[in-house]
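K.L.:
Heads up: the protein sequence lines correspond to chains A and B, in order. For the first sequence, this note's numbering gives the first residue as 1, with consecutive numbering after it. For the second sequence, this note's numbering gives the first residue as 1001, with consecutive numbering after it.
Hints were generated in silico from the structure; no laboratory data involved. One or more hints might be untrue.
[To be verified] In silico lysine-lysine, DSS-like type, Cα no more than 27 Å apart, as pairs: (1) B:K1225 / A:K132; (2) A:K69 / B:K1225; (3) A:K73 / A:K104; (4) B:K1184 / A:K111; (5) A:K167 / A:K177.
[Said to hold, decoys possible] Covered stretches of chain B (chain A as the covering partner; in silico rule of three or more C-beta atoms under 8 Å from a C-beta of chain A): (6) 1003-1011; (7) 1184-1193.
In this text, all values refer to a predicted model and were calculated from it rather than measured experimentally. Quick reminder that beta carbons are idealized off the backbone N, C-alpha and C, glycines included.
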Amino acid sequence: MAEVRLEKVCKLFDEVVAVDNFNLSIQDKEFVVLVGPSGCGKTTTLRMIAGLESITSGDIYIGDRLINKLPAKDRNIAMVFQNYALYPHMTVYDNMAFSLEMHKRSKDEIKERVQEAAEILGIQGLLLRRPKQLSGGQRQRVALGRAIVRKPGVFLFDEPLSNLDAKLRVQTRLELKKLHERLATTAVYVTHDQIEAMTMGDRIVVMHDGFIKQVGSPLELYDRPANQFVAGFIGSPAMNLFEAELNGTGDGVSLQAGDFTLELPPDKAMHFQDYTEQKVIVGIRPEDFKRAAEHSPGQTIPATVEVVEPIGNETYVNVTSGNVTLTAAVGRRTKIEPHSTLNLIPIFENMHLFDIRSQISILGH
Amino acid sequence: MVIERIGSKVIKFYVPLAAYLAFLLFPFYWMVNTVFKSDMELYNLDLNPLYIHSPTLGNIVTLFTETIFLRWMANTFFVALSATIISLVVSLLAAYAIQRLQFKTSGPTGVAIFLGYLVPQTILFIPLAHTIFKLKLWDSLWALILTYPTFLIPFCTWLLMGYFKSIPKEMEECAMIDGASRIKIFRRIILPLCLPGVLSAGIFCFTLSWNEYLYALAFISSSAKKTVPIGLVTELVRGDVYHWGALMAGALCASVPIALVYSFFVDHYVAGMTGALKE
């Protein structure tokens, strides 16, 4: 049983706040991903759990144990580093055996556990090599192997895939996910890549400037972002976000932006009582547009195509309408010429609206 | 084309290299040349000084029979080795602490050690002489063993600091999570990775101690305790008479161990000086 609990955790580096009031409870066997742009405090949080960074205030528990002051070696964790941190002067076997040796396990047990881990990762043939003689992907496996021989209570991953090339990254991502299911161990995974976060996490913690912006399952974050930051961060290509003015009251609420007006359906309108005659941020994902044959005021956005990006499984068009720039997905094989006109119908059920000052969703997510 | 390229390589590379080599090796040639000449031949200005006309081993015999050269060699070896070991141990610990423990004064401590290196030996030996005298170490090999580290430690510390810096911190952090203590990390991870650095620092210490002149001259007076550089100069230059043959024989014998040490470790030495832990 290893749940990880962080309560009001703060970290200051010389007066600079790196992590602020971090509260999170990670269930046993859960795979939690911390994601955010660089400098958001995700790695610092991970390092505090690992015991490599002191905690300025707050408490961290692993299981029922308060571990604030516990040295890293006594926390029953294993960590995989971005640059793998393999010991270059030791063979793969010795690298994997090192932690067991430090914990004074018998030679036979060490051998058995290293063999077992090597088998799981398919690196039995590499045990006598040195890290220098391995490819990036193989080193990655050895680093994983070194973590799993320990049979730790919690796995900590610090951007373990970012040194791999794109193809290998996708493949290793899958394997990591399978490995987690097989080992059924709590895992905390740090990445700046939102696709990695979406594909791997049971739950995702989006961080920005030391704060948690939202915690939720991947699709929760995608479908119901709590604020503008999460809306813009999760999803690729990113959600279209633009400023608009809310006009009208009751059932007749409309949005005014660029060269167009959009009349909102009545069921959405109930959220907007406080926002009439005010500016809001509108968020529409690229795939939440349909195409209309003709422009009908109040329903469609008339736009001029600037750039067409066919990527095979989808075609994205970059369009402008007045001062609003939008990206829209227009289907797999759609012939559209640059500079042509396009009429887009936004799908109102999937539209997001954010308060312009607090940037919090006003749809009540 | 090919001939042209070879010609240009000869002119641009081999000719300067040969000139440089001749320049560097000429003193050694002169030394060897002098060792095997008799005094008569040496002082005969009519003969070509670049050749040995009637080779003799007389100078070497003189060196080993009329002076206690072997004793000096033993002294020098003992002093150089002890000073090297002391300096290496201190520098390793100091460099590691400054580079990795991140205590408040780690930066200033590093700078202070470096400043120590900048004080000229010729000035430092005055207070050192006083200290040695107070410690009643005058005219003892320990006077040298304890004073040589004053100029060895600063350099080695800085050399090793650079080396430690090139070792990714994650490696230590990983070892820490793996359950190793600081001492174990130092012994099992850091030291093996820094071996080229430690070797070059060691060679540096050994060479400097082996050749050291000033402190040895100032702190040692009895013949039996002299090191090679002092012994040769004080006992083979009698008044204004230079026993060139024996002097050169001593110089030749004394440079052999150093040359051996260098040729043995040259690869490591170069790697150590250029720093960097290569993946």
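K.L.:
Each hint: holds or not?
P.N.:
Going down the list of hints, with the structure as the test:
Simply put, K1225 of chain B and K132 of chain A have alpha-carbon atoms about 50 Å apart, too far for the 27 Å limit, and the pair is violated. For the hint pairing K69 of chain A with K1225 of chain B, the CA-to-CA distance comes to about 56 Å; that exceeds 27 Å, so the pair is violated. At roughly 13 Å between alpha-carbon atoms, K73 of chain A and K104 of chain A fall within 27 Å of each other, so this suggested pair holds. A threshold of 27 Å between alpha carbons decides the hint, and for K1184 of chain B with K111 of chain A the separation of about 21 Å falls inside it, so the pair holds.
Distance hint between K167 of chain A and K177 of chain A is fulfilled; the C-alpha atoms sit about 16 Å from each other, no more than 27 Å. For the region 1003-1011 of chain B, the stated coverage by chain A is not satisfied: 0 residues place a CB nearer than 8 Å to a CB of that chain, which falls below the threshold of 3. With 5 residues having a beta carbon nearer than 8 Å to a beta carbon of chain A, the region 1184-1193 of chain B meets the requirement of three or more and the stated coverage holds.
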